[in-house]
Each structure stands twice: as structure tokens, then as C-alpha cells.
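2 protein chains.
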Amino acid sequence: MTSRNISILGSTGSIGCNTLKVAKHLGDVNVVALAAGNNAELLAKQIVEYSPKLAACADEDCVSRLETELERLGASSADFPEIVCGEEGLVKAATMEECGTVVSATVGAIGFVPTLRAIEAGKRIALANKETLVMAGELMIAAAAGSGAEILPVDSEHNALHQCLRGEKMSEVRRIVLTASGGPFRTKTKEQIENATLEEALDHPTWDMGDKITIDSATLMNKGLEVIEAHWLFGLDGDRIDVIVHPQSVVHSMVELVDGSVIAQMGVTDMKHAIQYALTYPERLPNALPPLDLASISELTFEDPDLDRFPNLAIAYRALEKGGTAPAALNASNEVAVRAFLDGRISLPEIARINGKLVDAHEPESADSLEKVLAADREARSLAEALVEASRTTAAAINRV
Amino acid sequence: MTSRNISILGSTGSIGCNTLKVAKHLGDVNVVALAAGNNAELLAKQIVEYSPKLAACADEDCVSRLETELERLGASSADFPEIVCGEEGLVKAATMEECGTVVSATVGAIGFVPTLRAIEAGKRIALANKETLVMAGELMIAAAAGSGAEILPVDSEHNALHQCLRGEKMSEVRRIVLTASGGPFRTKTKEQIENATLEEALDHPTWDMGDKITIDSATLMNKGLEVIEAHWLFGLDGDRIDVIVHPQSVVHSMVELVDGSVIAQMGVTDMKHAIQYALTYPERLPNALPPLDLASISELTFEDPDLDRFPNLAIAYRALEKGGTAPAALNASNEVAVRAFLDGRISLPEIARINGKLVDAHEPESADSLEKVLAADREARSLAEALVEASRTTAAAINRV
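Protein chains in written order, with the numbering used here: chain A, 436 to 836; chain B, 436 to 836.
Next up, chain A with everything else stripped away, as it sits in the complex (with noise of 0.2 Å):
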């Protein structure tokens, strides 16, 4: 199968869109499946544009909506793809024989169990999901060194890095860097960042992402686990992967070879050269995005990164440093976390406390098996729930007295 035979897990979110756009200008992509969670409209419509020989969606309730607004669309149920649903439908949708690629862009530990059988089925992964190799880096890679699957990051830094690595031995590296644009609340005090609103979080300087990313973005998270994900792509200890925060993004990552020449991959802010470039690599093709233009941009700016007043970084790296199951608990841990404030029930700031905490306390297992990590992620999920309880009943007290 080619790598331009592509599934698309995810295909009614950014970077599923994204990459139908991409399939598009391509011309000769050919999208054997497609799936969505809840989205039957859209996902309607991509089949009627793309013609997947598979669908496949959350669950019974939405493949019947989808195949209404099919009907609706005027396709006859002779065209039909065929419709899948829940994890069995995303595993079949990764793992079909037509397919030669899986974009892997599902949101959190969805797209988990259908990734790891695209592995292990040999596909070449466009991997977005970046929650996957957070959880279970160990069993993806040593399942893609026993298929022989291809990864390939659609993250744009660690298609950067991927980029720059390109004519360099592993062994020739001296680190790996990281950049981070810094959030919105880059040059705010520590007060302001502990009194910021949700539309301060979700008012992202340079990307325009999902709300979770945003808020990852905010309180530097999204780079720890940026960080973690680094660690299993390429297999550097945390101390050989740093992090500079660069507000503008057009760095998007570097990597520091043993002679101490610095090979940066640089580029407009879009998510479509990085998609692009993971269904067609090793080839390079044309693509619609304008160039980047420096001396309009002008100017380039780096800082290091601040652990103080943004703390889940070093949480990150403490959990990578842990290792086992800790990075999969610290995930779970912030996914809750980001989620209650998100539902404006903490504080900005408190999302990285009780990430902490959990980081802390967490007893680590090798993360050698499906069931060690999920039973991780269960875990640290309810311990963080009760955390972010606890936080809400201090504060309320707090806000009595």
C-alpha cells in the first residue's frame, strides 16, 4: 500500500480537516477511511467529497444521524461507505489493508488502542496524537521496531525536528531544542497569571488550536509533554532535550550536533506543511502555503524558559525522569485538570498544583502493557478529581473567611 492511501482517525477536527485540505492540493492522495466522534454533519460531508470505502464514528447513535444527513447530502445508500462505530471502528478504520498511512489526530486517549494496531499492522503514522506516545511511548516504539512502522510527527516541532535530523546520525546529536512560542501569558507576572480569565487561556499568540492544546499552551504543558513525546521519537533522556521560548514560531525546532553546529527547521505557522510533509516524506512537494519572508518578520527573539511562574514544565520533566507509568499518570492528571478549568471550577495556576502533586505521589510501573498504562491513566484521573475537589473546597473556604 502506498503512503498516500491514507485513514484519517480524527477526521472532523483541525488537523483531520487539515489534512483533507492537503489530500486536495495533493491530487493523488486517496482516503480509504475516515473517522470522526460526534461530527456526523461534517463527517457527512467528507464522505461525500472524499469517498472513503469506511466511516466510522462514536457510536450507534451517530452512524444513524450520519447516514440521515447522507441521505440528506442526496447520496444513495448504495454509496455508502461502510459504517463502523467506537474503538472497533477506529481500529478497523486504522488498521484496513488498503491503507498505507493513519493520521493519528484524535484528541487524548481515544485514539490510544487504535494507533498501537496501526503499528503493529506496519502502517506509516502521521502522528498528531500526541497523548499517545505520552502514555505508552515504550509500547509504540518497541511495536513500531517489530513491524517496521514508520513515525512520523505531524506536531510541527517535532516535525522539525524530524526535518533537521534528516542528514544526521543520532548519534552525532548533542541535544534536541525545543521552542515554545510562551503562551499568552509570556511576559505577564506570576499574580496576573494566578487571576487569569479562560479568555485570557484560550487567546493563543500564534496557532489557533482546539481549546485543550490552548490551555497546554498557556501554562506550558503542551511543551512538557512536547518534551516527553521528544524522548520517545527520538530516544534522548530529558537531559539531552531542552526547551527556548521563541514568542514568534517560526523557529520550530532545532537540534544541536556534537560539533556544536545548531540545523533549524524554520516555516510559516500553518499545520498543513507538517501533514504535507508526513504523507509524502521522504519525498518534498509544492504546496499551497506562501513562503516564509524574514526580513519582513525582521526579528527572531529567545528567552529560557521560566519555571517559576511556569511550574508543569518542570512537572514534565520530572515525570519523564520518573518514567514507567508516571508521564501517562501526569497526562490523565492534566487532562482533568484542564478540563475542570476549562469548566471554570479552579484557577489557572492550580492546574499545574495538582499536576504536581500527582507527579509527586505517583508511584511509577513499568509501562510495558495496555493494562498498566490505562490502569494509570484511571488512576491518576480520580485522584486528580478528587484534587481538583479539594481545591474548590479550600477556595470556597478561603472565599468565606
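Hints should not be assumed to be uniformly reliable.
If chains are identical, the list can't say which one is meant, so a pair holds when it fits in one copy or spans any two.
As the list claims (entries may be wrong) - For lysine to any residue, the following SDA-like pairs were computed, each having C-alpha atoms within a straight-line distance of at most 25 Å:
hint	residue 1	residue 2
1	K604	E585
2	K623	I732
3	K604	T704
4	K625	A730
What the hints contain is simulated information worked out from the structure, not anything from laboratory work.
Knowing the structure of chain A, use the given hints to seat chain B on it.
Just chain B now, with coordinates in the frame of chain A:
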């Protein structure tokens, strides 16, 4: 012969001395020949320290001074290397069988024939003498294609491009971008440049180099010569070779691929980096240079070059487009004009006026033989000298008014 058996043409110059430091640092480099001009004192010290089999210098007079120096340093004549002189001596150093890599670091046209002979003999060339490619790129590249000689650029910009291109195909390159510090007159007005003193022109902001190349940096002719050099090294036409002014000289150059991705090489400004790279390629080895600290540097800026204040850059593109012997003629003209400026005979902007007149008047012949190239060089030198004299006469007449 391994690439670490080296002959250095121009061992007492800045690149030559740095090459010996790199050789010492690497430990396993065997210096088989040292060729210098007239600096018998330094050459003698280098011979005592590095024990080459062959030493070459300018002429018989220098040979006897060298022997005296060697005796003064306590070397017994039985330990003397074979000592040769003249172009023949340089050619011998460049082609001796024991030599795997020739570091071509003489200044100006003198290194031309020996470097060509080394290419014909299939040696790896660590090329620091850009005049050789500017004058006779066609001959050099054809000879390298014939013998299989590798040409590894030591100029920091071209070395950077070589690094950026390690993992890329030339067919997937959209353009290359050479960075320029902008020199000491980057922020000066046309009038200030018109009245620039020698001292101001020699005050280069980021690199410490010889006088000729420092003046070339002040007029941007250095970048123009580098555009021509890049044309031959990477096989791209002038319209795919751009220049961007980057005063911090941290980004040494960049490659833009067809997908819009930009790969940049960065590092500290020390020519030992590029020299070591050329000696050890494709390996990268640790060196003693400090790491690049972007957070301390904090800011990188970029601007388009101003061809009105720095017309030499446009003149170089015109010479490249004319082709054939035009770049050789420009190089000769520029050497004469810079010498005249260094001697206080003409003003700084007069260099570009002379170069411009010469290139526009030049009727290029094909540069497919050494004779034609050298004839163009001679002719351009005498025409440029006449233009220098004419300019002095005019200036004197104006002063009399």
C-alpha cells in the same frame, strides 16, 4: 589516503593557522605539507611543530630564510622537510600522494592552479579560497566531476549550506539564502559611506578577518563573490540564490525547500567549526568551541540588502548572469580597486563604480580553459588600474576647482 592526511596551501594565514589548531584538537590529523608565502618565521615554527614531509614558500629567497629559521629553532638539517617554492611548489604540495585533503586557503589568484591540480588528482578540497571558484568555477566543477574530488566549502556561509543540504535533494531546493552581516556601513547613509575612512571600513562587526575580505564585507562584494561561489558549488542560477542581511551572523545561511520549509544552520562565529567539518565530513566530532546560546543572544534580526547603498552585490549578480569570463574579470577588477582603496588612492564607493564599469564593458568569453580565464584576469586588472588612475585624476581635478 584518508581525508585526515592534509596539505595546507596558505598555512600562515588566518585559515591556515586555524586549520593547524583544528588538526591539533582532532589529534589524528597528519599534516603532510605546509605551503606559505613569505612568512618564513611562522612557517618554520609550524614545520617544527607539525613535521610535514614537504614545505613550500614563495621563492628561493624565502627558502633560504626558512632554512636559517629552522636552524635557529634547533632543527637539524636531516630533519628538514623537502623544501620547494613557487607555483610549482604549491602544486607539489597540492598533489602529493600521501595527501588526502588539500586545504586551499591562499589569498587571491595564486591558489588557483594548485587547487585545480588537486581536484584533478581526486583530493578532497577544503576550499577557503573563494577566488578559485569565482574565477574558474566551470573548470573546477568539471574537473571534480571527472576525478570524483569532493569540494567542501570552508566559507562559513557555504559550509552552512552544505550542512543544510545533507539530507536534501537539490531537485527539491527552491532557493538558497546567504546571510550577510551587512558590514560596518549597514546603518550608514550613502553620504557617510561616500566619505568612509579606511579605519571605519576595516571595523567589521562580527568576524575578524584579513584586510581584503574585510573591505569586501564593507562593500557587500564579499557576498557577491559568495553568490557566484554558491552558483558553482550548488549548481543553482543566480535567481535561486538570495542574500539576506543578518547583523548577528548567528544564522550562517539557509535553504528553502520546494515545500516552503527553511533549513538553517547556526553557530558561533569561529572558522574552526567549518574547517573541522571539512576535514571530518561525513563525521561530526566534538570541538572546543563554546555552544551557541540563543537565549543570551536573545535577538536575531533580518533585513533585505540595500542595492542602492551597496551596488557591488547587484554587480556580482550581473557578472554571474553574463557568465563565462565575467566573474573572473569582476574578481580581478575588485582586487585592484580594493588594493587602491587600502592604499588611499580611491574612495570606498569608487570600488563599486570601477567594478560596475568593468563588468558592463566586459565581453565575456567562455571560461573553459585556464588560458582564457587568466587572460580575462590580466585584461581586467589593467583596465581596472586605468579606471583607478582616471578616478584619481578626476578627483584631483574636482579638488582643484
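How the hints compare with the structure:
no. : hint           : in the structure
1   : K604 with E585 : both (17 Å within a copy, 21 Å between copies)
2   : K623 with I732 : both (23 Å within a copy, 22 Å between copies)
3   : K604 with T704 : between (27 Å within a copy, 24 Å between copies)
4   : K625 with A730 : between (34 Å within a copy, 21 Å between copies)
Hint compliance for this structure: every hint is met.
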